[in-house]
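K.L.:
Model the placement of chain H on the given structure of chain Y, informed by the hints.
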Amino acid sequence: MAHPSQLGFQDAASPVMEELLHFHDHALMIVFLISTLVLYIIVTMVVTKLTDKLILDSQEIEIIWTLLPAMILILIALPSLRILYLMDEINDPHLTIKAMGHQWYWSYEYTDYEDLGFDSYMIPTQDLTPGQFRLLEADHRMVIPVESPIRVLISADDVLHSWAVPCLGIKMDAVPGRLNQTAFITSRPGVFYGQCSEICGANHSFMPIVVEAVPLEHFENWSSMMLEDT
Amino acid sequence: MAGEEGAGQEKGFKLLGILDVQRTPCAKDAILHGAGGSVAAGMLFFLSTSRVRRTFDVGFAGFMLTTLGSWFYCRMNNAKLRVQQRVIQEGIRNKMIIMTCCCSHNIS
Chain Y
1 MAHPSQLGFQ DAASPVMEEL LHFHDHALMI VFLISTLVLY IIVTMVVTKL TDKLILDSQE
61 IEIIWTLLPA MILILIALPS LRILYLMDEI NDPHLTIKAM GHQWYWSYEY TDYEDLGFDS
121 YMIPTQDLTP GQFRLLEADH RMVIPVESPI RVLISADDVL HSWAVPCLGI KMDAVPGRLN
181 QTAFITSRPG VFYGQCSEIC GANHSFMPIV VEAVPLEHFE NWSSMMLEDT
Chain H
231 MAGEEGAGQE KGFKLLGILD VQRTPCAKDA ILHGAGGSVA AGMLFFLSTS RVRRTFDVGF
291 AGFMLTTLGS WFYCRMNNAK LRVQQRVIQE GIRNKMIIMT CCCSHNIS
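Listed in order, the protein sequences are those of chains Y and H.
The numbers in our numbering rise by one with no breaks, and the one at position 145 of the first sequence is 145.
Going from the second sequence to our numbering is simple: count from 1 and add 230.
Just chain Y, with the same shape it has in the complex (with noise of 0.2 angstroms):
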């Protein structure tokens, strides 16, 4: 999850969250070197003494702003494009849920098996127990069983809200009406937290995500609990 005045990504639970992470570092690293460059060049122009009213072009440096940003370009765009095809590659999943959005909660449904459904509440704050987060804790997380394809469908109930958890890399509008899907692997066990990042009235700030990765026997005990309980 998220600490105090973070800058930067979470850390990845997803192998896909993984790639978007080296990505990252790849093209903030050419945009620091770029950065650089500028900052050198106006520095070296602020205090030459070179002056010369007579250019009127140059062919050797026009070649090089043209190609140097082409090459820059082609340098971003290829690790770009193969994660864009890598999140939209097709998987078989082991479990499909669905994700519905409702003002002001998420609801989940596991209906591959058993009709299992479950409404997730936000915790109040004074509700909170020590050692739990202040506006991301849910009253039922959705658990899924770790380092297994997990296909989620993702719609809403009213407006318009977002299903996104950072450190899986995921973020998919949930649209009333229509079916989004998104797919995704933990790749360790652990809690993860997102929050619903589509405006949707007044609690859209409370309306929590919460992902459980556990074994699968304890996904098995899980649900079986749950379809005792409903």
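A portion of the hints provided could be inaccurate.
Claimed, not checked - Residues from chain H that face chain Y, not an exhaustive set, calculated with beta carbons under 10 angstroms: (1) F243; (2) D250; (3) I261; (4) R281; (5) F290; (6) W301; (7) K310; (8) K325.
Said to hold, decoys possible - Which stretches of chain Y does chain H cover? Using the computed rule of at least three CB atoms under 8 angstroms from a CB of chain H, they are: (9) 17-29; (10) 34-40.
In case anyone wonders, no lab produced these hints; they're calculated from the structure.
We treat Cβ as the ideally placed atom computed from N, Cα and C, and that holds for glycine.
P.N.:
Same frame as chain Y, but now just chain H:
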């Protein structure tokens, strides 16, 4: 716990306010190699030509090229290591599964 993590995050050093050299893999090495390459290229040029202004230009070009070269070399090695790590992890997992199956077979 959150406070300790927060303290660790605050110690990151950002060049030009954007590049966190401590948290970004390969960044620190690339910048250090770039600085070294810049100094080396500039010194060599100055010693051979005694042109001050052009020395700075050559030094800067050396910085850019050395940083880029070191960066891509380190990233490529890291990528290869990651692939090896995944293969090893998969192998360990498969071995554990086979051992578990053998143990349960022996017990039965």
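K.L.:
With reference to the structure, classify each hint as holding or not holding.
P.N.:
Comparing the hints with the structure gives:
1. F243: violated, 13 angstroms
2. D250: It holds, given that the least Cβ distance between D250 of chain H and chain Y is near 7 angstroms, below 10 angstroms.
3. I261: holds, 9 angstroms
4. R281: violated, 13 angstroms
5. F290: F290 of chain H check passes; min Cβ-Cβ to chain Y is 5 angstroms, inside 10 angstroms.
6. W301: holds, 6 angstroms
7. K310: violated, 13 angstroms
8. K325: violated, 16 angstroms
9. 17-29: This one holds; 5 residues, not fewer than the three required, reach chain H with a Cβ under 8 angstroms.
10. 34-40: holds (count 5)
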